[in-house]
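S.K.: Turn these sequences into a full structure, and let the hints steer you where they fit.
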Amino acid sequence: MVFFLLLGIPIFAQTDSQWVLEQSTLTYHVTHPLHQVDGVSHAARGKGVCHAGQCDFLIAVPVKTFDSGDSNRDLHMLQVTRGGQFPMVTVRTRLPESASASATIHADLEIQFAGQTAKYDQVLFQQKSQGNEIRITGTIPATLTDFKIDPPSLLTVAVKNEMPVRVEMTWQRQK
Amino acid sequence: MNPKPSKFILGAWIIALLSLLSFPLRAQVADATLAGTVTDPASKVVPNAKIFIKNVVTRQSVETQTDSAGLYKLSNLVPGDYEVSVSAEGFSTNTTKVMIAAGTKQTLNLTLAGVLSLGDLGFSPAQTQGSAQDQARLNKRSHMLKIHQRIGLIDTVPLVATVILGAGAGGKSTSSTDRFAHLALGSVTGDLYFLSAYYAIRAPKIQGTETRGSIRLHKALAWIHGPGMILTPILGIMAFDQKSNGEKVHGIASAHGAVAIVTAAAYGASILSVSIKF
Numbered sequence: 001m002v003f004f005l006l007l008g009i010p011i012f013a014q015t016d017s018q019w020v021l022e023q024s025t026l027t028y029h030v031t032h033p034l035h036q037v038d039g040v041s042h043a044a045r046g047k048g049v050c051h052a053g054q055c056d057f058l059i060a061v062p063v064k065t066f067d068s069g070d071s072n073r074d075l076h077m078l079q080v081t082r083g084g085q086f087p088m089v090t091v092r093t094r095l096p097e098s099a100s101a102s103a104t105i106h107a108d109l110e111i112q113f114a115g116q117t118a119k120y121d122q123v124l125f126q127q128k129s130q131g132n133e134i135r136i137t138g139t140i141p142a143t144l145t146d147f148k149i150d151p152p153s154l155l156t157v158a159v160k161n162e163m164p165v166r167v168e169m170t171w172q173r174q175k
Numbered sequence: 176m177n178p179k180p181s182k183f184i185l186g187a188w189i190i191a192l193l194s195l196l197s198f199p200l201r202a203q204v205a206d207a208t209l210a211g212t213v214t215d216p217a218s219k220v221v222p223n224a225k226i227f228i229k230n231v232v233t234r235q236s237v238e239t240q241t242d243s244a245g246l247y248k249l250s251n252l253v254p255g256d257y258e259v260s261v262s263a264e265g266f267s268t269n270t271t272k273v274m275i276a277a278g279t280k281q282t283l284n285l286t287l288a289g290v291l292s293l294g295d296l297g298f299s300p301a302q303t304q305g306s307a308q309d310q311a312r313l314n315k316r317s318h319m320l321k322i323h324q325r326i327g328l329i330d331t332v333p334l335v336a337t338v339i340l341g342a343g344a345g346g347k348s349t350s351s352t353d354r355f356a357h358l359a360l361g362s363v364t365g366d367l368y369f370l371s372a373y374y375a376i377r378a379p380k381i382q383g384t385e386t387r388g389s390i391r392l393h394k395a396l397a398w399i400h401g402p403g404m405i406l407t408p409i410l411g412i413m414a415f416d417q418k419s420n421g422e423k424v425h426g427i428a429s430a431h432g433a434v435a436i437v438t439a440a441a442y443g444a445s446i447l448s449v450s451i452k453f
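Each protein sequence line maps, in turn, to chains A and B. If you're matching positions, the first sequence starts at 1 in the working numbering and goes up one per residue. If you're matching positions, the second sequence starts at 176 in the working numbering and goes up one per residue.
There could be a bad hint or two in this list.
[As the list claims (entries may be wrong)] Below, a list of computed lysine to aspartate or glutamate pairs in the EDC-like style, where the Cα atoms sit at most 20 angstroms apart:
#  : chain 1 : residue 1 : chain 2 : residue 2
1  : B       : Lys229    : B       : Glu258
2  : B       : Lys225    : B       : Asp242
3  : B       : Lys229    : A       : Asp121
4  : A       : Lys175    : B       : Asp295
5  : B       : Lys229    : A       : Asp150
6  : A       : Lys148    : A       : Glu168
7  : B       : Lys229    : B       : Asp256
8  : B       : Lys315    : B       : Glu385
9  : A       : Lys128    : A       : Glu97
10 : B       : Lys229    : A       : Glu110
11 : B       : Lys272    : B       : Glu238
12 : B       : Lys225    : B       : Glu238
13 : A       : Lys175    : A       : Asp67
14 : B       : Lys272    : A       : Asp146
15 : B       : Lys272    : A       : Asp121
16 : A       : Lys119    : B       : Glu258
17 : B       : Lys280    : B       : Glu258
18 : A       : Lys175    : A       : Glu133
19 : B       : Lys272    : B       : Asp309
20 : A       : Lys160    : A       : Asp150
21 : B       : Lys272    : A       : Glu110
22 : B       : Lys225    : A       : Glu110
23 : B       : Lys423    : B       : Asp353
24 : B       : Lys321    : A       : Asp108
25 : B       : Lys380    : A       : Asp67
26 : B       : Lys272    : B       : Glu258
27 : B       : Lys219    : B       : Asp206
28 : B       : Lys315    : A       : Asp150
29 : A       : Lys119    : B       : Glu238
Don't read these hints as lab results, they were simulated from the structure.
M.R.: See the structure below:
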C-alpha cells in the first residue's frame, strides 16, 4: 500500500491540472459529384495533462463508431481506411495552459489514422468557456491522401480528396 | 581596341568569383556532430526512440535511433539550421530547431512529449489493436460485394430484354422463335442472378454491425425477387410446354407473367435503393 502511495506522489506532483473530454461530435464530410456524405461519431474520448504551463492532449475515437446513416457504406469506409488493422484515430496536440483563456486556439495537430501520421499546423479552433467547461469548435482540413487512402468511388467516379472533419468538443477542467 | 586588357579583366573576374565561391564550399564540409540523450517527461531514458534531423535549407535528412541508454549520435553533418524530431511508441513527436556550426560536437538532449496513452482514455487493448485478419475480412467483403454489384447491374440487360420479349412469347403469339429467345434470355438472367446472389450471401459478415440505412430496403427486397427468380422460370417452363403443345397457357402457369413483372420490379427497386451509395 505504502509502495503504491509512494508511486502516486510523484505522479500527482508532476501534474498541475487535467482536462477531460465530456462530450464530442466529430463529423467527416465526403463529397461525390452525385451526393454528399456526413459520418458522425460521438464516441471520442480525450484527456489533457498540464505541467509547467504546457498541456498535452490526447483524443481518440474508434473508426467504426462513425455513422453515415448506412451500415454498408460505413463498413466500406472502414475497409478503405484500413480500420480492421488500425481501428483508432488518435489526435495529439500540445498547447500552453494560457490558451484556455483566449477565444481562439491555433493548434498543431498530430493525427494517426489508417496507419499513417499526418501533421496539421496551426489549425484554428473557436472556444467558449463556461465555468470549468470549455466548448471547442473547428474544422480539421484532412484529405484522403494525407493518410494514403484510396478514394472510394460510385459508378467509377471517385469521391473528392478533401475530407474535412468538423470538431465539436466540451472539455472539463479537473484540478 | 586592345584585347589584352579586357582578357586580363575577365581573368581577374573569374579568379575573384572562384575565390568567393570557395568560401561557402569550405563552409559546407560535413564535419559536425550532434549527440544527446532522449528522455521521457519523467526524465527516464527512452531506448529505440527515432531521431529525424532535416536541414532546413537543403531539405536533406538523416535518421537514427537511441541505444539502450537513450543515447543518439549523428555524425558528418553539414553546418546549418536543422529541424530535429524525436518520436517513440506511446509518445507524441517532439520537434525542435538547432543551428549546427562547422566542425563542432554539439549536445542536444531531447524530451519526448505526451504522457497519455490510449489506456489512459479507458480503451481496452481489444478496442485499440486491430489485426491483419480483420482487415483481410473487410477487404474480402468489399471485393465480393463489388462483384455482386457488377454482376447485378449487368443482369439488368438480359432481364429487361426477357421482359420485353415476354410480350411476344406469351399471350396469343404462336411464334416459337420468340418463345425460344425469351427462354434463352430468361436462362441467362437467372444464371447471372444466382451468381450475383452467391457473392452477396458468401461475403464475410462483420460481427457487431447493425444494418442501417438503404441497405435494409435492399435486403428486404431480396425476399421478393429471390423467390420470384426461382418461381418465374418454373412457371415459365410450364407455360412453355403448354404453348409448345398448342395449348393455351392455363392453371398456375398463367401466373408466370405477373410473377416475372413483380420480380423484375423488386429487382429494379433493389438496385435503385443502393445506387446512391459509394
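S.K.: Evaluate each hint against the coordinates.
M.R.: Right, here's what the structure says about each hint:
1. B/Lys229 <-> B/Glu258: 5 angstroms, holds
2. B/Lys225 <-> B/Asp242: 10 angstroms, holds
3. B/Lys229 <-> A/Asp121: 18 angstroms, holds
4. A/Lys175 <-> B/Asp295: At roughly 17 angstroms apart (the allowed maximum being 20 angstroms), aspartate 295 of chain B and lysine 175 of chain A satisfy the hint.
5. B/Lys229 <-> A/Asp150: Judged against 20 angstroms, a Cα distance of about 29 angstroms means the pair is violated.
6. A/Lys148 <-> A/Glu168: With Cα atoms ~25 angstroms apart, lysine 148 of chain A and glutamate 168 of chain A exceed 20 angstroms; violated.
7. B/Lys229 <-> B/Asp256: It holds: about 9 angstroms lies between the C-alpha atoms, which stays within 20 angstroms.
8. B/Lys315 <-> B/Glu385: This hinted pair holds, its Cα atoms lying about 19 angstroms apart.
9. A/Lys128 <-> A/Glu97: 15 angstroms, holds
10. B/Lys229 <-> A/Glu110: 18 angstroms, holds
11. B/Lys272 <-> B/Glu238: Given pair lysine 272 of chain B, glutamate 238 of chain B holds - Cα atoms ~15 angstroms apart, limit 20 angstroms.
12. B/Lys225 <-> B/Glu238: 7 angstroms, holds
13. A/Lys175 <-> A/Asp67: 34 angstroms, violated
14. B/Lys272 <-> A/Asp146: 24 angstroms, violated
15. B/Lys272 <-> A/Asp121: The hint holds at about 16 angstroms.
16. A/Lys119 <-> B/Glu258: 15 angstroms, holds
17. B/Lys280 <-> B/Glu258: Since the Cα atoms of lysine 280 of chain B and glutamate 258 of chain B sit roughly 17 angstroms apart, the hinted pair holds (cutoff 20 angstroms).
18. A/Lys175 <-> A/Glu133: Measuring from Cα to Cα gives roughly 12 angstroms; hence the hint holds.
19. B/Lys272 <-> B/Asp309: The hint is violated at about 41 angstroms.
20. A/Lys160 <-> A/Asp150: 11 angstroms, holds
21. B/Lys272 <-> A/Glu110: Given pair lysine 272 of chain B, glutamate 110 of chain A holds - Cα atoms ~18 angstroms apart, limit 20 angstroms.
22. B/Lys225 <-> A/Glu110: 16 angstroms, holds
23. B/Lys423 <-> B/Asp353: The hint holds at about 16 angstroms.
24. B/Lys321 <-> A/Asp108: Not satisfied, since the Cα-Cα distance of roughly 39 angstroms exceeds 20 angstroms.
25. B/Lys380 <-> A/Asp67: Holds - the C-alpha atoms of aspartate 67 of chain A and lysine 380 of chain B are around 18 angstroms apart, at most 20 angstroms.
26. B/Lys272 <-> B/Glu258: 5 angstroms, holds
27. B/Lys219 <-> B/Asp206: Violated - the C-alpha atoms of aspartate 206 of chain B and lysine 219 of chain B are around 30 angstroms apart, more than 20 angstroms.
28. B/Lys315 <-> A/Asp150: 16 angstroms, holds
29. A/Lys119 <-> B/Glu238: Given pair lysine 119 of chain A, glutamate 238 of chain B holds - Cα atoms ~19 angstroms apart, limit 20 angstroms.
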